[in-house]
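Peer 1: Sequence:
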Amino acid sequence: MTNQTSATNSRSSLMQIVPVMLCFFAMGFVDLVGTGSNFVQKDLGLTDSEANLFPSLVFFWFLIFSVPTGLLMNRIGRKKTVLISLAVTTLSLITPCFGSSYMIMLVSFSLLGIGNAIMQTSLNPLVSNLISSDKLASTLTFGQFVKAIASFLAPIIATWGATTAMTTFGLGWRVLFVVYAVVSFLSIAMLGATPIEEEEPDKASGIMASVKLLGNPFVLLCFLGIMCHVGIDVGTNTTAPKIIMERLSLPLEDAAYATTIYFIFRTAGCFLGAFLLRSMSQKIFFGISALLMLIAMIGLFFLDSLFLIYACLALIGLGNSNIFPVIFAQALNNKPSKKNEVSGLMIMGLFGGTVFPLAMGAASDAVGQWGAVAVMTIGVLYLLLYTTKIKKTN
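Going by our numbering, the letters in the sequence shown line up with residues 1 to 394, in that order.
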C-alpha cells in the first residue's frame, strides 16, 4: 500500500512539473530578441542604434516590474501570476503577425519584456511549491537548460523561416513568433489545468525597501555585477551576427547561427558549473569564468576567421553561464534576513540588458562592431574586479 501511494505521488509530481518545465521553455522566448532585432534591422534598414532599442526595451521592463510582481504574487498567488506572464508573452508573439512596422515590433518586444519580467520573478518561487528543498537547486538548474533550448532554437527557426517559410506562410523569419505562440498557448492550457497547492504568501516587500539596500556596498557590487552579466549576454546575442557580417561579408541568414553557438556553450557551461561548484571555491570558479570572457573579447577585437570567432563566442558562453547564480547567492548570503528585498533587487539588475545594447549601438554606429565589443569588455573587466570581492563560502 505504501509503494502504491509513493508511485501515485510520483506520478502526481511529474504531472505538475512537466507544465512548469514548459513554462521555463517559454521563459527562453526572451532570447529571440537578439535574432529578431537583427532581422528587423535588415527588413527596415535600421541603424545599429535603432535596432538595439529592441533588446533595450525588452529588459527595461525588469526595472519596472520585478518588485511589483512580488507584491502581486502575495495577493493572487504564484500560479496565477505565472499565467498572467504567459498571457502577456502570448500577446507579444501574436502582435508581429499583423505587420512588421517599426512601431508594431516595438510594441511586440515591449510586451515580451513585460511578460518575461513577470515570469522570471514568479516561476522560480512556484517550483518551490512542487519540489523538496534538497532537490530545488537541481530542478531549477534543469529548468535553465529547458529555457536554453528555446534560446538556441530561435535563430534556427528564424533562419528557416527567412529561407524556406516565406513562400509557404508569407511570414518569413516571423514564423518564429507563430511557433513560439503555439507553445505559449499550450503552456497556459497545461499550467491552468494543473492543480498546485501553494504555501502561505511571503511578507510583502516594497520598492523602497529594495532600493535602500543599494546603500550596502556589497549589495551594490552584486547589483552592478548582474547588470554586467545580462548586458554581456544580450550584447553577445545581438552583436555576434553583426561581427560576422561586417568582417566576413556573410548574409544575416548565415551569420545568425553565431547566436546558436553562444547559447549551446552557455548551456554546456551550466551543466559543467553544476558539478564544479560542488568542489571548487566560488571565487576561483568566478575568476576563471571572467578570464575566459576577457580572452574572448580580446579575440573579437581583431579576429576575422569564422572558426576563431565561433571559438570566442563559445568562450563567452562558457564564461557567462554561471555568473548570475554565483552573484545571486552571494547577495542573498550577505543579507539572509532580507531575501525578498535582495531577490527583487537582483532581478531589477537585469535592467543591464537595456543599458548595454544602447551603449553598444551608439559605439558600433560610430566606429564599427569593435566599438560594441569594447562596451562588453568594460562589463567583463568589472566582473574581474568583482571576483576580488567574492566572499568565501566553501
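Think of the hints as simulated: they come from the structure by calculation, not from any bench.
Certain hints may be false.
What the hints assert, rightly or not - Think about it this way: if two alpha-carbon atoms lie no more than 25 Å apart in a straight line, the pair counts; the simulated DSS-like pairs of lysine-lysine are:
{"id": "1", "residue 1": "391", "residue 2": "335"}
{"id": "2", "residue 1": "212", "residue 2": "335"}
{"id": "3", "residue 1": "283", "residue 2": "335"}
{"id": "4", "residue 1": "80", "residue 2": "212"}
{"id": "5", "residue 1": "42", "residue 2": "212"}
Peer 1: Hint by hint, say whether it matches the structure.
Peer 2: Results of checking the hints against the structure:
For the proposed pair residue 391 and residue 335, the alpha carbon gap of about 13 Å is at most 25 Å, so the pair holds. Straight-line distance between C-alpha atoms of residue 212 and residue 335 comes to about 13 Å, which keeps the hinted pair within the 25 Å bound. The hinted pair formed by residue 283 and residue 335 meets the criterion: a straight-line CA distance of about 19 Å does not exceed 25 Å. Restraint check for residue 80 and residue 212: the C-alpha separation of about 29 Å exceeds 25 Å, so the hint is violated.
For the hint pairing residue 42 with residue 212, the CA-to-CA distance comes to about 43 Å; that exceeds 25 Å, so the pair is violated.
Of the numbered hints stated above, those contradicted by the structure are hints 4, 5, listed in ascending order.
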